[in-house]
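Using the sequences plus the hints, can you model the full thing?
Note that the protein sequences, when read in sequence, are chains A, B and C. No gaps in the numbering here: position 62 of the first sequence is 62 in the numbering used here, and each next residue is one more. No gaps in the numbering here: position 207 of the second sequence is 207 in the numbering used here, and each next residue is one more. No gaps in the numbering here: position 190 of the third sequence is 190 in the numbering used here, and each next residue is one more.
Rather than coming from a laboratory, the hints here were simulated on the basis of the structure. Among the clues, some could well be false.
Pair by pair, the computed Cβ-Cβ distance ranges are [stated by the list, open to error]:
#, chain 1, residue 1, chain 2, residue 2, range
1, B, Leu101, C, Asp87, 39 to 47 Å
2, C, Ser283, B, Leu39, 35 to 43 Å
3, B, Gly269, C, Gly126, 55 to 63 Å
4, A, Thr2, C, Ala320, 53 to 61 Å
5, B, Gly123, C, Asn180, 27 to 35 Å
6, C, Pro61, B, Arg185, 49 to 57 Å
7, C, Gly57, B, Leu39, 27 to 35 Å
8, A, Asn57, C, Phe18, 55 to 63 Å
9, B, Arg185, C, Gly135, 22 to 30 Å
10, A, Ser145, C, Phe177, 41 to 49 Å
11, B, Gly123, C, Arg29, 50 to 58 Å
12, A, Glu139, C, Ala323, 47 to 55 Å
13, A, Asn57, C, Gly135, 41 to 49 Å
14, B, Ile46, C, Arg200, 41 to 49 Å
From chain C, some residues computed to sit far from chain B (all C-beta separations above 12 Å) [claimed, not checked]:
#, residue
15, Leu10
16, Thr16
17, Val30
18, Gly50
19, Val115
20, Pro144
21, Asp193
22, Ser243
23, Thr269
24, Asn297
25, Arg298
26, Leu328
No experiment lies behind these values; they were computed from the predicted model shown. Even for Gly, the Cβ is constructed at its ideal location relative to N, Cα and C.
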Amino acid sequence: MTAALTVDNLRIAIGDTIVLRGASLEVQPGEVRGLVGESGAGKSMLGRAALGLLPSNASIVSGRIAFEGRDLLKMSEGERRSELGRRIALIPQDPMTSLNPVKRVGAQIGRLLRHHLDLSKRAALERAAELLTEVAIREPERVLSLYPHEISGGMRQRVLIAMAFACNPSLVIADEPTTALDVTVQRQVLQLVERLRQRHGSAVLFITHDLGVVAKICRSMTVLHAGRVLEEGETAEVLAHPRHAYTRALLAATPRADRPAETLRPVPPALIDQLWSDARRLDWLDVARPA
Amino acid sequence: MADIAVRAMAAPPSRLLAGVRRGGARLWVGAALTAILVLAALLAPILAPHNPLEQDLLSAQLPPMWMHGGDGAYILGTDSLGRCVLSRLIYSAQTAVIVALIAASLAALIGVSLGLFAGSFGGWVDQFISRLIDVWMAFPPVLLSIVLAAVIGAGLTSVIVAIVVVDWTRFARVVRAETMVQLTRDYAAAARAIGLNRSKVLRLEILPNLVPLLVTLLAVEMGIAILVEVILSFVGISVAGDTPTWGSMIAEGRQIVYQAPWIMALPIGCIIVSVIGLNLLGDGLRLALDPVQRS
Amino acid sequence: MRWGEIIRRLVLVPPTLFGVAVIVFVLLRVVPGDPISMMIPPGASQADIGRLRALYGLDQPILHQFVSWLGQVVQGNFGRSISVRQDVLDLLLTRLPATIELTLLATLIAVVIGVLAALVGILARGRRAEWAVDGGVGVLLAIPDFLWALILLLLFGVLVPLLPISGRIDPQVEIDFHSNFYLIESLLTGRLDVAAALLRHMILPALALALPFSAIIARLLKASLVEAEDQDYAQIARARGYSRPSILLNEVFPNALIPTVALGGVQVTLLLGGTVLVERIFSYEGIGNMAIDAVINRDFPLIQGLVLTFAVLFIVLNLAVDALVTLLDPRLRHG
Ligand SMILES: Nc1ncnc2c1ncn2[C@@H]1O[C@H](COP(=O)(O)OP(=O)(O)OP(=O)(O)O)[C@@H](O)[C@H]1O
Ligand SMILES: [Mg+2]
Numbered sequence: 001m002t003a004a005l006t007v008d009n010l011r012i013a014i015g016d017t018i019v020l021r022g023a024s025l026e027v028q029p030g031e032v033r034g035l036v037g038e039s040g041a042g043k044s045m046l047g048r049a050a051l052g053l054l055p056s057n058a059s060i061v062s063g064r065i066a067f068e069g070r071d072l073l074k075m076s077e078g079e080r081r082s083e084l085g086r087r088i089a090l091i092p093q094d095p096m097t098s099l100n101p102v103k104r105v106g107a108q109i110g111r112l113l114r115h116h117l118d119l120s121k122r123a124a125l126e127r128a129a130e131l132l133t134e135v136a137i138r139e140p141e142r143v144l145s146l147y148p149h150e151i152s153g154g155m156r157q158r159v160l161i162a163m164a165f166a167c168n169p170s171l172v173i174a175d176e177p178t179t180a181l182d183v184t185v186q187r188q189v190l191q192l193v194e195r196l197r198q199r200h201g202s203a204v205l206f207i208t209h210d211l212g213v214v215a216k217i218c219r220s221m222t223v224l225h226a227g228r229v230l231e232e233g234e235t236a237e238v239l240a241h242p243r244h245a246y247t248r249a250l251l252a253a254t255p256r257a258d259r260p261a262e263t264l265r266p267v268p269p270a271l272i273d274q275l276w277s278d279a280r281r282l283d284w285l286d287v288a289r290p291a
Numbered sequence: 001m002a003d004i005a006v007r008a009m010a011a012p013p014s015r016l017l018a019g020v021r022r023g024g025a026r027l028w029v030g031a032a033l034t035a036i037l038v039l040a041a042l043l044a045p046i047l048a049p050h051n052p053l054e055q056d057l058l059s060a061q062l063p064p065m066w067m068h069g070g071d072g073a074y075i076l077g078t079d080s081l082g083r084c085v086l087s088r089l090i091y092s093a094q095t096a097v098i099v100a101l102i103a104a105s106l107a108a109l110i111g112v113s114l115g116l117f118a119g120s121f122g123g124w125v126d127q128f129i130s131r132l133i134d135v136w137m138a139f140p141p142v143l144l145s146i147v148l149a150a151v152i153g154a155g156l157t158s159v160i161v162a163i164v165v166v167d168w169t170r171f172a173r174v175v176r177a178e179t180m181v182q183l184t185r186d187y188a189a190a191a192r193a194i195g196l197n198r199s200k201v202l203r204l205e206i207l208p209n210l211v212p213l214l215v216t217l218l219a220v221e222m223g224i225a226i227l228v229e230v231i232l233s234f235v236g237i238s239v240a241g242d243t244p245t246w247g248s249m250i251a252e253g254r255q256i257v258y259q260a261p262w263i264m265a266l267p268i269g270c271i272i273v274s275v276i277g278l279n280l281l282g283d284g285l286r287l288a289l290d291p292v293q294r295s
Numbered sequence: 001m002r003w004g005e006i007i008r009r010l011v012l013v014p015p016t017l018f019g020v021a022v023i024v025f026v027l028l029r030v031v032p033g034d035p036i037s038m039m040i041p042p043g044a045s046q047a048d049i050g051r052l053r054a055l056y057g058l059d060q061p062i063l064h065q066f067v068s069w070l071g072q073v074v075q076g077n078f079g080r081s082i083s084v085r086q087d088v089l090d091l092l093l094t095r096l097p098a099t100i101e102l103t104l105l106a107t108l109i110a111v112v113i114g115v116l117a118a119l120v121g122i123l124a125r126g127r128r129a130e131w132a133v134d135g136g137v138g139v140l141l142a143i144p145d146f147l148w149a150l151i152l153l154l155l156f157g158v159l160v161p162l163l164p165i166s167g168r169i170d171p172q173v174e175i176d177f178h179s180n181f182y183l184i185e186s187l188l189t190g191r192l193d194v195a196a197a198l199l200r201h202m203i204l205p206a207l208a209l210a211l212p213f214s215a216i217i218a219r220l221l222k223a224s225l226v227e228a229e230d231q232d233y234a235q236i237a238r239a240r241g242y243s244r245p246s247i248l249l250n251e252v253f254p255n256a257l258i259p260t261v262a263l264g265g266v267q268v269t270l271l272l273g274g275t276v277l278v279e280r281i282f283s284y285e286g287i288g289n290m291a292i293d294a295v296i297n298r299d300f301p302l303i304q305g306l307v308l309t310f311a312v313l314f315i316v317l318n319l320a321v322d323a324l325v326t327l328l329d330p331r332l333r334h335g
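Next comes the structure, spelled out in C-alpha cells:
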C-alpha cells in the first residue's frame, strides 16, 4: 500500500542555515502520526514543505516529498494546486489570524468548495452549512453570514477544521491546532479532529509539543530534533521504551495526569549532559553547546 | 553632560562611510543635480552668454540653434522680446536658489520651534498649536500662498513669506509627533533622571535625534519652495517686473505655445531636474543618516 | 464606535470653519491693498473712493464687518462679488460643478492607474518589472500636478495636437444644460457625443491631477499588499490550491485596500488644491481658476466665499474617507 505522505531525506535551507538535514517519515493511509520535537526542531518546516508553503527565502536542497506515491516537487503547478486544499488539507495553528478578516465565513468556505468541487454558489452555501453542522456549530446559517471577528476562537478553529475536511482529504496536516486555544476548548477540538478523521478515513500528520496528546490520538510518532529524525515508531512503543536520551528528556518534561504540572520534574542536569554527549557522538548536532 | 550630545551628533568616519553607502545612487545623483543648480545660480554672470534683460526685437522667437532657423548666438533661442532664453534660464536659477534656501530654512525654524513646544509641553500649548495646524491644513496650500503673495504684493520677500507661512506646518507636525515619541524613549527618561531640565533634554537629546528627519524634510521643502515660486510667477504675482524666473518664462511661453513651444518646454525641464534632484538628495540623506529606515 | 468618532468629527466642523473664516477675513484686511484701489478709474476723487468704500462696508471696523458678514453667511448670503458684480453664491454654484466633475474624473483615473501599477508591481515582485514600476511611480510622484499639466499641454496639445488645451467645452457647441454638471448630465441623458466633447477637454487636466495622486495610491497599495500577503490567511490560501493572482485579488486586495484608503483618501484634498493651477493652465472654468482671478482683483467677498467652499470640501472629503474606511472594514463596522 502506498503511504499517504512520504518524506524522504529532506534537506531544507533558509539562507545559509540548514533547518532540515535529511528528515524522513511516512504517514500511512488513515493513520495518525504525531510529529514532536522541541521548538525550532523543524516540525513546521516539514509540514509547510509538504503543503508548498515554505517561506520565499527557503529552498529545498534535496530529498523527496510524495503524496500517495506521486512526487509533489515534480508535479506541475496546476496538478499540485488541484491536490492542495482538496486531497491534502491543513489545519493551521492560530485560528485568530488564519481566516480572512474582511470576508464572511460563508464566503470563505464557499470559495473553497466552488474552487475544488465545481458547485454552484447556492449549492456551495448549502454544503457549507452542512459542514458547520458536522463540526457541531449551532445555527450554521447565521454563522455563515458572520465575519471572523464576530465568532470565538474555538468557533473559528471549528470553521478551519470544517474547511480542512470539506473536500474529503486523504491527508491532513495539523500544525499545533490546539496551542492557541484555551484548555477546555482544546479537548473538544481534538475530539472533533478525531471524529472527522474517522468519518473521512483521512491520514493525519499531527504536529505538536504535547506528548500527552500524541499518546492519546496518534498510533505512531516521529521525534524530530535539530532537523533530523531521532526516533520513530508505534507511539506506545516509543513512549514506553525511548531509545534516545533526548526523547526521555522530552518525556520527562511532559506533565502527566497522575502528576500535577506544578511538580513538573526539571530535566536532571546529568541527563542534559548525556544528551549533548550523545549528540556529539552521533553527529546529529553540528552546533556548539549553549552555555 | 555635553558629551552625550557630542556622541549623538558627530559620527565617526567609518559610520559616515557606511551612511554614504546606504544613501547609494540616490544620494549621488541628488547631490550632483543640486550642485549643478547651485553652481548655475552662483556663476550666472559668468555662464550666461547674454544679459538676460537685453532685448533684441529683430531676433525675437528664435528657435534653439540646432533647429531650423536657429542662430548660433542664441544657443537655446530667444523669447518674444528677443531675450536670450539660455541666459534667462541661468539667472532664474538664482531666484530659485535664493527662495529655496531662505524660505525653507525659515519654515523649518518656525515649524521646528512650534513642533518642539507642542511635543514637549503637551497640555494646552499642544492643544493650541495642534488646532492651529488643523485650521491651517484646511486651506489648499497653493491657494493660501497665492492669497498671501497677492495681498502682500509682488516681490521676493512676499514670495518667501508666503512659502514660510504656508509650509511651517509640514515641519511642526512631524517634529511634534517625533518629539512625543522620543520623549517616551529610555534615554530621554534617563536624561531627566540624571537631572537635566526640560530645555536641556530638548537641546541635547531630542534635537540631535531629529536631525536625519529634519535634513530630509529640508531638502524636500526646498524643492517645494522652488515649485511655489514657479507657481506664483506663473500666476503673475511673484518677483517684480523683469527679474527672470522659470515661472514667468512659462507664463510667457504659454501665450505663444503654438508658435514657440521651446520657450515653455525649457524652463519646465529645468524645474523638473531641480525638483527631482532635491527629492533624490532628501531620499538619499534619509537613507544615509538613518540606519533604521523609516517608512 | 467608529460612527461615533465620525459624529464627533462632525461636531468639530463648525469651529474649524469659523477659524478659517476669521483667518481669511483678518488676513485680507490687515494687509495693504483693497478691492477699491483695483477698480477706481485713474483720477477718481477722494470722495468717490470714500463712497465706494462705504458701499462695500469697508469703512467699518473689522469686527463690525466680520459680524455682519458672518450673519449674512449663516443665512446663505455670501455677498456680491466686487470684480464680477454677481452674487457670490451664484458664482460658486455655477463654477463648483465643473471642479467637482474634474476632480471626480481625476480620482477615477488615479485609482485605475494606481491600482494597476500596484498590482503589476506585486505580481512581478523580485523581478526586473517590479523595479521598473517602482521607478515609474517615483517619477510620477516627484513631479507635481501643475508641472504635469504643462508637460501634457506641450505634448498632446502642441507637439502632437490631439486634444484641446483650453476651456470646458468648445464655444461653438450650443447645448442647454439643466444643471451645471455638464458631464454627468450628458451621460445620464445619454447624449454621448456631448459627453465625448466634454471629456476631450477634461482629459488632459484630469490626467495632470491624477498622475501624482496615482503614484501615492500605487505606493500605499503596494506596501499594503506586500504586508497583507505575509499574513497567515493569505499564506493558508496558497495551501488551498488557489493561484497567486487569485489570492492577491480575492484575499489580499480587500485587506490591503483598507489602509490604502485610510491614508490615501486624505490625499484627495491635495488633488482638490491642485485644481487651482491646473484649471488655470487649461483655462478650465472651475472654482480654482476663478480663485486666482479673485485674488488678483482683491475681490474680498468672492475670496472669502471661495476659501470657505474649499474648506468645506476638504472637511467633507476627510469625513467621506473615514466613512468609506468604516464600510470597507467589517471590524470597524461592528466594533
Ligand atoms: N521565515 C524564517 N526565516 C528564517 N528562519 C526560519 C524561518 N522560519 C523558521 N525558521 C527557522 O527554521 C527552524 C525550524 O523552524 P520551525 O518553525 O520548523 O520549528 P518548529 O519545530 O515548528 O518550532 P515550533 O515548535 O516553535 O513551532 C528554526 O530554527 C527557525 O529559527
Ligand atoms: Mg512550528
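Status of the hints after comparison with the structure:
1. B:Leu101 - C:Asp87: 39 to 47 Å: Between Leu101 of chain B and Asp87 of chain C, where Cβ atoms are some 45 Å apart, the hint holds.
2. C:Ser283 - B:Leu39: 35 to 43 Å: Holds, at about 37 Å.
3. B:Gly269 - C:Gly126: 55 to 63 Å: violated (34 Å)
4. A:Thr2 - C:Ala320: 53 to 61 Å: holds (60 Å)
5. B:Gly123 - C:Asn180: 27 to 35 Å: This hint is violated: roughly 48 Å between Cβ atoms.
6. C:Pro61 - B:Arg185: 49 to 57 Å: holds (51 Å)
7. C:Gly57 - B:Leu39: 27 to 35 Å: For Leu39 of chain B against Gly57 of chain C, whose Cβ atoms are near 54 Å apart, the range 27 to 35 Å is violated.
8. A:Asn57 - C:Phe18: 55 to 63 Å: Taking Cβ atoms as reference, Asn57 of chain A and Phe18 of chain C lie about 56 Å apart, which means the hint holds.
9. B:Arg185 - C:Gly135: 22 to 30 Å: The hint (22 to 30 Å, Cβ to Cβ) is violated, given that Arg185 of chain B and Gly135 of chain C are roughly 36 Å apart.
10. A:Ser145 - C:Phe177: 41 to 49 Å: holds (45 Å)
11. B:Gly123 - C:Arg29: 50 to 58 Å: Once the Cβ atoms are compared, 33 Å apart, the range 50 to 58 Å for Arg29 of chain C and Gly123 of chain B is violated.
12. A:Glu139 - C:Ala323: 47 to 55 Å: Taking Cβ atoms as reference, Glu139 of chain A and Ala323 of chain C lie about 31 Å apart, which means the hint is violated.
13. A:Asn57 - C:Gly135: 41 to 49 Å: Cβ of Asn57 of chain A to Cβ of Gly135 of chain C: about 24 Å, so the range 41 to 49 Å is violated.
14. B:Ile46 - C:Arg200: 41 to 49 Å: With a Cβ separation near 48 Å, Ile46 of chain B and Arg200 of chain C satisfy 41 to 49 Å, so the hint holds.
15. Leu10: holds (15 Å)
16. Thr16: Contrary to the label, Thr16 of chain C does not stay out of reach of chain B, its closest Cβ about 6 Å off (not over 12 Å).
17. Val30: Given a closest Cβ separation of 9 Å, the condition is violated.
18. Gly50: Label holds. Min Cβ-Cβ 22 Å, cutoff 12 Å.
19. Val115: holds (20 Å)
20. Pro144: Incorrect as stated: the minimum Cβ-Cβ distance to chain B is 6 Å, not above 12 Å.
21. Asp193: holds (27 Å)
22. Ser243: Holds, because the least Cβ-Cβ distance between Ser243 of chain C and chain B comes to about 30 Å, which exceeds 12 Å.
23. Thr269: Per Cβ check, Thr269 of chain C is inside 12 Å of chain B; nearest 8 Å; violated.
24. Asn297: Not fine: 9 Å to the nearest Cβ puts Asn297 of chain C too close to chain B.
25. Arg298: Check fails; 7 Å does not lie beyond 12 Å.
26. Leu328: holds (21 Å)
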